[in-house]
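Visitor: In case you want the letters, here they are:
Number of protein chains: 2
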Amino acid sequence: MQRRTVFFVSDGTGITAQMLGHSLLTQFEGVEFDQVTLPFVDSPEKAEECLARIEAEAAGAHTQPVVFSTLVNQDLRAIVRKARALFLDFFETFIDPLEAGLGVKSSHTIGRSHSAMDKKEYHQRIEAINFAMAHDDGASHRELAQADVILIGVSRSGKTPTSLYLALQFGVKAANYPLIPEDFQREKLPEALRLHKPKLFGLTIAPERLHEIRKERRPDSRYAALDNCRYEVEEAETLMRREGIHSINSTTKSIEEIATTILRALRIHRQIY
Amino acid sequence: MQRRTVFFVSDGTGITAQMLGHSLLTQFEGVEFDQVTLPFVDSPEKAEECLARIEAEAAGAHTQPVVFSTLVNQDLRAIVRKARALFLDFFETFIDPLEAGLGVKSSHTIGRSHSAMDKKEYHQRIEAINFAMAHDDGASHRELAQADVILIGVSRSGKTPTSLYLALQFGVKAANYPLIPEDFQREKLPEALRLHKPKLFGLTIAPERLHEIRKERRPDSRYAALDNCRYEVEEAETLMRREGIHSINSTTKSIEEIATTILRALRIHRQIY
Chain Y
27 MQRRTVFFVS DGTGITAQML GHSLLTQFEG VEFDQVTLPF VDSPEKAEEC
77 LARIEAEAAG AHTQPVVFST LVNQDLRAIV RKARALFLDF FETFIDPLEA
127 GLGVKSSHTI GRSHSAMDKK EYHQRIEAIN FAMAHDDGAS HRELAQADVI
177 LIGVSRSGKT PTSLYLALQF GVKAANYPLI PEDFQREKLP EALRLHKPKL
227 FGLTIAPERL HEIRKERRPD SRYAALDNCR YEVEEAETLM RREGIHSINS
277 TTKSIEEIAT TILRALRIHR QIY
Chain L
27 MQRRTVFFVS DGTGITAQML GHSLLTQFEG VEFDQVTLPF VDSPEKAEEC
77 LARIEAEAAG AHTQPVVFST LVNQDLRAIV RKARALFLDF FETFIDPLEA
127 GLGVKSSHTI GRSHSAMDKK EYHQRIEAIN FAMAHDDGAS HRELAQADVI
177 LIGVSRSGKT PTSLYLALQF GVKAANYPLI PEDFQREKLP EALRLHKPKL
227 FGLTIAPERL HEIRKERRPD SRYAALDNCR YEVEEAETLM RREGIHSINS
277 TTKSIEEIAT TILRALRIHR QIY
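So the protein lines, in turn, are chains Y and L. For the first sequence, my numbering gives the first residue as 27, with consecutive numbering after it. For the second sequence, my numbering gives the first residue as 27, with consecutive numbering after it.
One or more of the hints may lead you astray.
To be verified - Distance condition first, Cα-Cα at most 20 Å in a straight line; then the derived PhoX-like pairs of lysine-lysine: (1) Y:Lys241 / L:Lys146; (2) Y:Lys279 / L:Lys145; (3) Y:Lys72 / Y:Lys108; (4) L:Lys279 / Y:Lys145; (5) L:Lys279 / Y:Lys146; (6) Y:Lys225 / Y:Lys214; (7) L:Lys145 / Y:Lys241; (8) L:Lys214 / Y:Lys145; (9) L:Lys241 / Y:Lys146; (10) L:Lys72 / L:Lys108; (11) Y:Lys279 / L:Lys279; (12) L:Lys214 / L:Lys225.
To be verified - Here are the computed distance ranges between Cβ atoms for each label pair: (13) L:Asn156 / Y:Ile206: 16 to 22 Å; (14) Y:Gly129 / L:Arg267: 49 to 55 Å; (15) L:Asp101 / Y:Gly129: 28 to 34 Å; (16) L:Ala84 / Y:Leu221: 39 to 45 Å.
To be verified - Below, a sample of chain L positions facing chain Y; criterion: calculated Cβ distance under 8 Å: (17) Leu50; (18) Leu124; (19) Tyr191; (20) Leu221; (21) Asp246; (22) Glu282.
No lab work stands behind these hints: they were computed from the structure. Model, not experiment: these values are computed from the prediction. Quick reminder that beta carbons are idealized off the backbone N, C-alpha and C, glycines included.
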């Protein structure tokens with residue numbers, strides 16, 4: 027197995043470089059990558075430190091390191107580029123064709139993304155997080171009218187992580203509401219939810235997977251028993267079908283995939299970028 | 027003001043394309059961008075739909091649309107590329123130099139990033155989210171030994187969003203603990219925290235900003251009064267200094283910037299990619 031050290035270099039957090047870099051690296055199965063993020067490289071001194079770090083790695087390793095960069099400033103880029111590494115530039119590569127295509131010069135300003143400069147976006151994000159926290163697990167029926175989406179599903183079907191992700195990544199207000207055996211016996215949606223039917227979205231999950239997840243939290247409980255998981259999932263799916271509620275099976279989906287599917291299904295626009 | 031429609035096209039969620047695309051677009055101040063994400067383009071039929079959508083925009087608009095793509099499959103890329111648009115390919119551009127540099131062929135497999143295929147990573151992420159929820163706002167002292175970081179700070183200094191982001195983005199277990207007037211009078215850290223001092227990290231904030239935030243939640247309260255905010259922030263900062271606790275001022279920082287700074291300061295390795 028080949029090993030490689032990969033550096034994500036950025037004048038900001040490095041999160042964008044990590045995401046694109048990581049999605050490229052997953053395409054190379056025969057290689058094991060040691061990933062190092064060097065964020066906030068926003069001065070010549072820090073660029074020199076960064077260069078020294080990469081050079082030390084290049085000197086010690088048998089293989090050439092890989093550098094993914096989103097450095098905006100060309101003077102800083104020029105310093106880091108001196109490293110004996112495979113340098114892949116996520117910024118410079120696209121800024122020229124964009125300038126040509128748009129007919130506008132770029133500002134080459136550091137730290138524009140993920141900076142808290144846009145106060146309105148920042149506010150919407152924090153509001154969405156507060157909303158998700160206040161409306162987790164059916165904690166409150168108040169202000170459900172303000173929700174962009176209300177997730178429903180049995181306990182441990184993935185509602186909380188999805189709600190939080192919708193808030194943090196997209197600034198979308200998500201409440202979530204557990205479906206419990208009482209709801210199935212009543213054979214109808216809880217009153218508080220019926221008023222907001224167009225905003226409902228269901229999460230379902232394979233009973234076997236639910237059993238595994240619940241077993242870890244409460245081993246040997248009726249709650250975690252496979253036959254009970256089967257019963258709850260079947261009842262929840264029947265209820266969603268009967269009420270015509272969009273749903274997704276979360277079993278093999280990532281939080282990102284579930285959240286993106288919900289935005290599309292309910293035609294919700296993200297509030298932040 | 028020039029207007030442009032921008033498409034983020036992906037066989038996955040499109041989140042990576044959005045992040046890099048958005049950080050490039052923020053460099054063009056004189057242009058207003060309408061941003062459209064076309065996710066899950068993973069079949070020739072969907073690629074044709076996507077092409078039709080972009081072509082319709084190109085026909086109706088005065089300006090050429092911009093397409094940011096992370097499509098992995100070259101046949102699907104070839105379909106979407108036919109559009110009369112400025113096509114910027116975040117995948118193809120880097121996969122060739124990576125193949126050459128690594129001396130390995132890529133697998134060209136769709137949907138490897140953000141897919142829930144890595145069960146261990148998925149599990150660590152969910153564990154971290156559960157941990158953050160269970161240890162929000164000092165809710166529990168149990169299992170603090172399992173925390174990677176314990177955030178402290180006055181109410182509304184940004185602890186909850188930071189804890190959740192650390193969990194969701196990095197799989198890092200973060201507890202958070204409010205500093206309250208009783209802590210200042212005692213002139214020492216709460217007992218439960220003293221045991222875990224190397225894991226503590228402080229968030230502080232400008233009193234004027236804190237006043238604004240608290241005022242929105244509880245107008246005309248003592249809690250939100252500017253002089254009380256000044257008092258609490260000063261006491262919290264004094265306590266952090268005295269105890270030698272790393273801290274960051276969150277006033278003009280994004281959640282991403284705060285979270286990245288914490289990982290570096292405490293040398294915490296992210297658990298997921």
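Visitor: Each hint: holds or not?
Guide: Status of each hint after checking the structure:
1. Y:Lys241 / L:Lys146: Judged against 20 Å, a Cα distance of about 17 Å means the pair holds.
2. Y:Lys279 / L:Lys145: 11 Å, holds
3. Y:Lys72 / Y:Lys108: Answer holds: Y:Lys72 to Y:Lys108 is near 14 Å, not above 20 Å.
4. L:Lys279 / Y:Lys145: 11 Å, holds
5. L:Lys279 / Y:Lys146: Holds - the C-alpha atoms of Y:Lys146 and L:Lys279 are around 14 Å apart, at most 20 Å.
6. Y:Lys225 / Y:Lys214: Holds, at roughly 16 Å.
7. L:Lys145 / Y:Lys241: Roughly 16 Å separates the two Cα atoms, so the pair holds.
8. L:Lys214 / Y:Lys145: 35 Å, violated
9. L:Lys241 / Y:Lys146: 17 Å, holds
10. L:Lys72 / L:Lys108: 14 Å, holds
11. Y:Lys279 / L:Lys279: With Cα atoms ~32 Å apart, Y:Lys279 and L:Lys279 exceed 20 Å; violated.
12. L:Lys214 / L:Lys225: 16 Å, holds
13. L:Asn156 / Y:Ile206: 16 to 22 Å: 19 Å, holds
14. Y:Gly129 / L:Arg267: 49 to 55 Å: 52 Å, holds
15. L:Asp101 / Y:Gly129: 28 to 34 Å: 32 Å, holds
16. L:Ala84 / Y:Leu221: 39 to 45 Å: 42 Å, holds
17. Leu50: 6 Å, holds
18. Leu124: 6 Å, holds
19. Tyr191: 6 Å, holds
20. Leu221: 26 Å, violated
21. Asp246: With Cβ-Cβ at 20 Å, over 8 Å, it is violated.
22. Glu282: Status holds, d = 4 Å.
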